[in-house]
Amino acid sequence: MKKFLTVVRREYIQRVRAKMFIVSTVLLPAVMSLFIAVPAIIVSIETPPMRVAVVDQTGRMYSQLRQALFNDQQESETQNTNTGGPRTPPRRSFSRFVLEEVKADNQSLDQIRANLDHRMSARDLDGYVILPPDFLSSGQAEFSTRNPGELFAPRVLQSAINRAAREQRLIDANVDSKTRQELFKPVELQSVKAGAASREANTNASFALVFAIGFIMYLAILMYGQIILGAVIEEKETRIAEILFSSVRPFTLMMGKLVGVSLVALTQLTIWGIAFSVFALYGVGVLASQGMPTTIPNLPFSHYIYFGLFFLLGYFIYGTIYALVGSMVTTAQEGGQLAMPIILILVVSFYLFWPVSRAPDSPFSFWVSMIPFTAPVAMLVRIVTQTPPFWQIALSLAIGFSTVLVIMWAAARIYRVGMLMYGKRASIPEAIRWARQA
Amino acid sequence: MAANETTVKVDGVTKSFGEFTAVTELSLNARAGRVFGLIGPNGAGKTTTIRMIVNITAPDSGTILLFGRRIDPSLQDRIGYLPEERGLYKKMRVADQLRFFAEIKNMRGKQVETKIDEWLARVKLSDWKQKRSMELSKGMQQKIQFITAVIHDPDILILDEPFSGLDPVNVELMKEIVLDLKRAGKTIIFSTHQMEVAEKICDDICLLNRSRKVFEGSLREIKSSFGRNSVAVRCEGGDGVLDDPALVSKLVRHVDEDQALLAPGADAQTLLKRLLDAGAVIGKFEMVEPSLNDIFITKVTEPA
Numbered sequence: 002m003k004k005f006l007t008v009v010r011r012e013y014i015q016r017v018r019a020k021m022f023i024v025s026t027v028l029l030p031a032v033m034s035l036f037i038a039v040p041a042i043i044v045s046i047e048t049p050p051m052r053v054a055v056v057d058q059t060g061r062m063y064s065q066l067r068q069a070l071f072n073d074q075q076e077s078e079t080q081n082t083n084t085g086g087p088r089t090p091p092r093r094s095f096s097r098f099v100l101e102e103v104k105a106d107n108q109s110l111d112q113i114r115a116n117l118d119h120r121m122s123a124r125d126l127d128g129y130v131i132l133p134p135d136f137l138s139s140g141q142a143e144f145s146t147r148n149p150g151e152l153f154a155p156r157v158l159q160s161a162i163n164r165a166a167r168e169q170r171l172i173d174a175n176v177d178s179k180t181r182q183e184l185f186k187p188v189e190l191q192s193v194k195a196g197a198a199s200r201e202a203n204t205n206a207s208f209a210l211v212f213a214i215g216f217i218m219y220l221a222i223l224m225y226g227q228i229i230l231g232a233v234i235e236e237k238e239t240r241i242a243e244i245l246f247s248s249v250r251p252f253t254l255m256m257g258k259l260v261g262v263s264l265v266a267l268t269q270l271t272i273w274g275i276a277f278s279v280f281a282l283y284g285v286g287v288l289a290s291q292g293m294p295t296t297i298p299n300l301p302f303s304h305y306i307y308f309g310l311f312f313l314l315g316y317f318i319y320g321t322i323y324a325l326v327g328s329m330v331t332t333a334q335e336g337g338q339l340a341m342p343i344i345l346i347l348v349v350s351f352y353l354f355w356p357v358s359r360a361p362d363s364p365f366s367f368w369v370s371m372i373p374f375t376a377p378v379a380m381l382v383r384i385v386t387q388t389p390p391f392w393q394i395a396l397s398l399a400i401g402f403s404t405v406l407v408i409m410w411a412a413a414r415i416y417r418v419g420m421l422m423y424g425k426r427a428s429i430p431e432a433i434r435w436a437r438q439a
Numbered sequence: 180m181a182a183n184e185t186t187v188k189v190d191g192v193t194k195s196f197g198e199f200t201a202v203t204e205l206s207l208n209a210r211a212g213r214v215f216g217l218i219g220p221n222g223a224g225k226t227t228t229i230r231m232i233v234n235i236t237a238p239d240s241g242t243i244l245l246f247g248r249r250i251d252p253s254l255q256d257r258i259g260y261l262p263e264e265r266g267l268y269k270k271m272r273v274a275d276q277l278r279f280f281a282e283i284k285n286m287r288g289k290q291v292e293t294k295i296d297e298w299l300a301r302v303k304l305s306d307w308k309q310k311r312s313m314e315l316s317k318g319m320q321q322k323i324q325f326i327t328a329v330i331h332d333p334d335i336l337i338l339d340e341p342f343s344g345l346d347p348v349n350v351e352l353m354k355e356i357v358l359d360l361k362r363a364g365k366t367i368i369f370s371t372h373q374m375e376v377a378e379k380i381c382d383d384i385c386l387l388n389r390s391r392k393v394f395e396g397s398l399r400e401i402k403s404s405f406g407r408n409s410v411a412v413r414c415e416g417g418d419g420v421l422d423d424p425a426l427v428s429k430l431v432r433h434v435d436e437d438q439a440l441l442a443p444g445a446d447a448q449t450l451l452k453r454l455l456d457a458g459a460v461i462g463k464f465e466m467v468e469p470s471l472n473d474i475f476i477t478k479v480t481e482p483a
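Sequence order for the protein chains is P and H.
Taking my numbering, the leading residue of the first sequence gets 2, the next gets one more, and so forth.
Taking my numbering, the leading residue of the second sequence gets 180, the next gets one more, and so forth.
For reference, chain H alone in the conformation it holds in the complex (with noise of 0.2 Å):
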């Protein structure tokens, strides 16, 4: 897959259930090489919109491209799905679980075992090839999913929540698997509501709400769109000052230093000054990107 090709397209599609409408005329395009975020509060549209994208149910209206052809079974075979609804076959030993989900997805022959034994390797649990999945702790069996998804070579991958219940030490090393797939060509769909990792993780966002794009495009483009608003603050006294809401419009106190988003038409100047003015000792002033989250709950919480 040439990086950049656009590989997933997805054209005005619609999709209810009764009279609840879960997707409505949703357009976004993933491309290969990179990691697509798409994101968006609990119940906007996200899994419906993957399983559409994967074949499990169809859309209303609208069309849904791979590569550029129309979704069927052979393509279903190009497709990685990590569903956040996901298990083993409790009974299973990990060989064979893993040799059925990749002969399931037609691989066949001695390049199975190979990989077997390569993801393993990988996520380091070699050892417990052999074992029955539910003689695995959740962390384990997370990770003998996510080499599920992943072990037929897939050229679209496409990850619900994949990282949730995982220690950070186990984020780390999917996330290093992840990026390394993407620096491959493939094309990485990454669904989640976690904020920071997507943050982390994504070349482009879409965001959802509600059934509904809310935006779309490269995460730098809209960290830039949004200009620098933020202040980072660390000080002593003067606490009215970053109380006053037409100086700032959202205040986010942490441990060691706030967050302050500036009103529109304040800027960070008159902030600094005032709160000189008013006696506060500053340990720390820096201008700061808005972060995804405050995008996202700007922009959620944005009337229509």
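Extracted from the complex, chain P is given alone in its bound form (with noise of 0.2 Å):
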């Protein structure tokens, strides 16, 4: 145990301190913080509000347009204010308005049309709706504007003038403010997953939890798959594997190196983790200021623990595969091709997500959540649906890790014959007859 420690420590001191790990930390954070804060930033720069003048003819539309506009910006501030993170930019500051009513003072329509126009020509003035007598019941407006570029103060603009004559026409039919309320009371719709324990889970959440912690998986293994590889193989490239194995069993080696490598990894995404959670706490408001729903999902705790637990089992039972090539090859561009068609059963296994996710609890589902290459997706959709039986989801672990331990015994025995027979490539069946042999 104390020797595997070593192994251990080696491994993860001489990963951490080298200089390809600090930079390669260090620069995904920052690469990323610069996609999204400069988005970010330009978006934010504060424009001058839109001053708009509206001629309002049909003599009633002003103050309720006025109040359809204010809403909006009322709004968007409180909820700001509400989700209480990092100061968010106004997500409608391109399209502030100040709103000017324009008396008609027995002017002919083009008498003021040609005013507004010298006044927007002179910089006084941005643009002007003009709502023609019979606008309550044609519904035609016109806008006019120094900047027919600009796309998004039309489109709000709009919004503001369509629910403010809704409005006027429900008071011209007499409909009493209580109602007017009542009737735009906008519906919630939920989706609710039936079972005793369940409450509120929200299931399209957990699908994505579920895709994420399997996108991470495929990731990680991806990252320090060829690591684990270059871990195995750096005793024979510096001959070092003899002078070891007077000390220490090969297993010992082997998982030594296995869980070294996985330290390294475990530092490395929680410190990426960490820089990403600061992010999305920023872009959590961001989307919470537009409307987007940004809670995480409310599932049991247990959940979140077998979350961690299969999210190792797909990382090791990967990781070993990459071992298990690495203790066949002597060097690591042999390797990572030989490893490559086994990680294509990776990404198969996230084709799995469709069929057991609509019969959670049929044959199929049940056997592909056992067989330990698949189970990690295959087993985290079918808790997140209808979930299993304990004993399956224990079952299914214990599959999983026992395998891993197959494999590196494997690796172990043939990393050692290998060594003995001249340091030569094993083929398969080679490789199978040498983790045969005593």
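A portion of the hints provided could be inaccurate.
Said to hold, decoys possible - The following residues of chain P were derived to be distant from chain H, with all beta-carbon distances above 12 Å: (1) Thr7; (2) Phe36; (3) Ser64; (4) Ile113; (5) Gln141; (6) Arg147; (7) Arg164; (8) Thr239.
Unchecked claim - Where chain P lies over chain H, by a calculated footprint (3+ residues, C-beta under 8 Å): (9) 226 to 240; (10) 247 to 257; (11) 351 to 359; (12) 474 to 480.
Derived from the structure by calculation, the hints contain no laboratory data.
Every residue, glycine too, gets a C-beta built ideally from N, C-alpha and C.
Combine the two chains into a complex, taking the hints into account.
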């Protein structure tokens, strides 16, 4: 055990101290922040409010329109304070308005138009809206602007005029204000998971979470698989293996290397995770201000433990494949090619997402959630859809982690015999024979 | 360890890899406070024998006892092994590297640091303690590799071709260290195919050839059993005499003298007389012990 920890510590410290590790750990969040921050900064550049004159020939619309626009702006600001996150840029900063009513005052429409056009060219005004006398029945209005390329303002304005008109039409039809409010009350639709213990589990968000876990697993395997492979080959390339094997069992060495590299991976993922959460806090604020659902799905605590366990299982199952390949080859390049077909199984296991989520308790779903190579994704899907009995989850984990040990055991034997045999590359049948050889 | 006590006992060991038999029915005994030379040509089975002693591979039959016990992981920690195939972690600093090799042998605590400093001073590499091993010259790396085998103060030290690639000054330095360890009562197994090196350092010899033991015993005994049947000659003229197969079975010409191995039944007096009769001017005529190399070649080429 002490020797195992010695191997783990060497592996961990040597890798974490390496320049490559430090550079890649710092660089990723830096690049990410650049991608996120720069557009956000550009968007948040404050623009002066748009000055719009309203020629209200109906005589009833101006106050309603003002109200509708004002509500928009208020709403976005109250939401910002509610999230309590970092200050987010006001989303509608590009479409804030300053309204001004233009009274007809016996002038003809053409005169008013000419007057307003003049003010626009003098940069005294950014645009004007003309609501003709029959506007409430025809629904036809006119918007002149100095900047027809402005994409957002006309849309915001249109929606505000729309609401204002609707409101005014109801008032005209003598609908009282309480009824008006009730008429526009939005509906809520919630997907609720059936079953005894389930409360308001949000299935869509759960799927997204499982998919995210699967994806991070895939990335972690792609990134660190090669490193595990390199670590296993290291002693062959530096010809240290024989010295080590006179002191430690090959299995101890292999497990030590696997665990050491995995701790490095965990360190890096944690650093990235923290950096990511900082961005996410910022991002959640932005999304929330746009009315996107950003709450974490409300799942039983045990599910989060399962997520962690199956993530580890997936990582180790495929990580050990790289170790096994490493035990057979003499250079890392050879190894990368040999491991690729096996990693394809992981990609395929992603497609199981759909059949398993449609029938989580079918025999098919049961079996794929027991096979170690497909279990991590399949079992997670089953857990968030129809949580299978505990014994199935435990069995799947037991099979998976035993497979990890068996693969490592085989890798250790192949490694040792391979070293004794003039250090040549093993063919698959040879590898099988070596693993069985005493 | 009491001197002369048998610490490594190999008894009737056979090991084969598939069709190929690497070691056949080998028995040998190495003792504390002595250097045991395991010699033989390439492919004789030296490395396989050593690997079985250090428990990297197990014999098919026969037993190996260290300190009277079968090998187990705790005994492994009392062995220091410098294999022929050896290297260092390229990017690790020398001190970290030595600490790792000490810890992997279950050595802990402050004594590790003391030992690192002691040994680096001993091989004159103290200034390189914080350098990465890839910055070291090949000779320096070899000395560090040697330290990895001895840092945990093993009772049994197994060295496989330890001096290959070292310059004469460093060979001398390492030889001194090995002899010091021997005087400290360690059992040293020294494997080589360089006979001149073995001759200078070994107390006991075991000669392996084609997976079998050819002979085993102290270097003294072996040499005296071969008798003084070799003559170092320096002379001018009378060349034909030395080429007579009835007198000389083997002639090795060096720059300043020739070495003649007497044919069976011939004696040195006859040879000297024949040379004088042939008109040779003798500069040197001396009976010498056969070199280990001569014994080796004689034994290996002898029909079984």
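Evaluation of the provided hints:
Residue-level check failed: Thr7 of chain P sits 4 Å from the nearest beta carbon of chain H, not beyond 12 Å. The Cβ of Phe36 of chain P lies farther than 12 Å from every Cβ of chain H, with a closest approach of about 33 Å, so its non-interface assignment holds. Against chain H, the non-interface label of Ser64 of chain P holds: every CB pair exceeds 12 Å, the least being about 76 Å. Look at Ile113 of chain P: its CB is around 80 Å from the nearest CB on chain H, clear of 12 Å, so calling it non-interface holds up.
Here Gln141 of chain P stays apart from chain H, with its beta-carbon at least about 77 Å from theirs, past the 12 Å limit. Against the 12 Å criterion, Arg147 of chain P stays outside the reach of chain H, whose nearest CB is about 65 Å from its own CB. Non-interface call for Arg164 of chain P relative to chain H: holds, since the shortest CB-CB distance, roughly 68 Å, exceeds 12 Å. Listed as outside the interface, Thr239 of chain P is inconsistent with that label: its C-beta sits roughly 4 Å from the nearest C-beta of chain H, within the 12 Å cut-off.
Counting residues of the segment 226 to 240 of chain H whose beta carbon lies closer than 8 Å to any beta carbon of chain P gives 6, which meets the minimum of three for the stated coverage. Restraint check on the segment 247 to 257 of chain H versus chain P: 3 residues with Cβ-Cβ distances below 8 Å, three needed, restraint holds. Figure legend: the segment 351 to 359 of chain H, annotated as covered by chain P; annotation inconsistent (0 residues with Cβ-Cβ distances under 8 Å, at least 3 required). Interface restraint, the segment 474 to 480 of chain H with chain P: violated (0 residues with C-beta to C-beta distance below 8 Å; minimum three).
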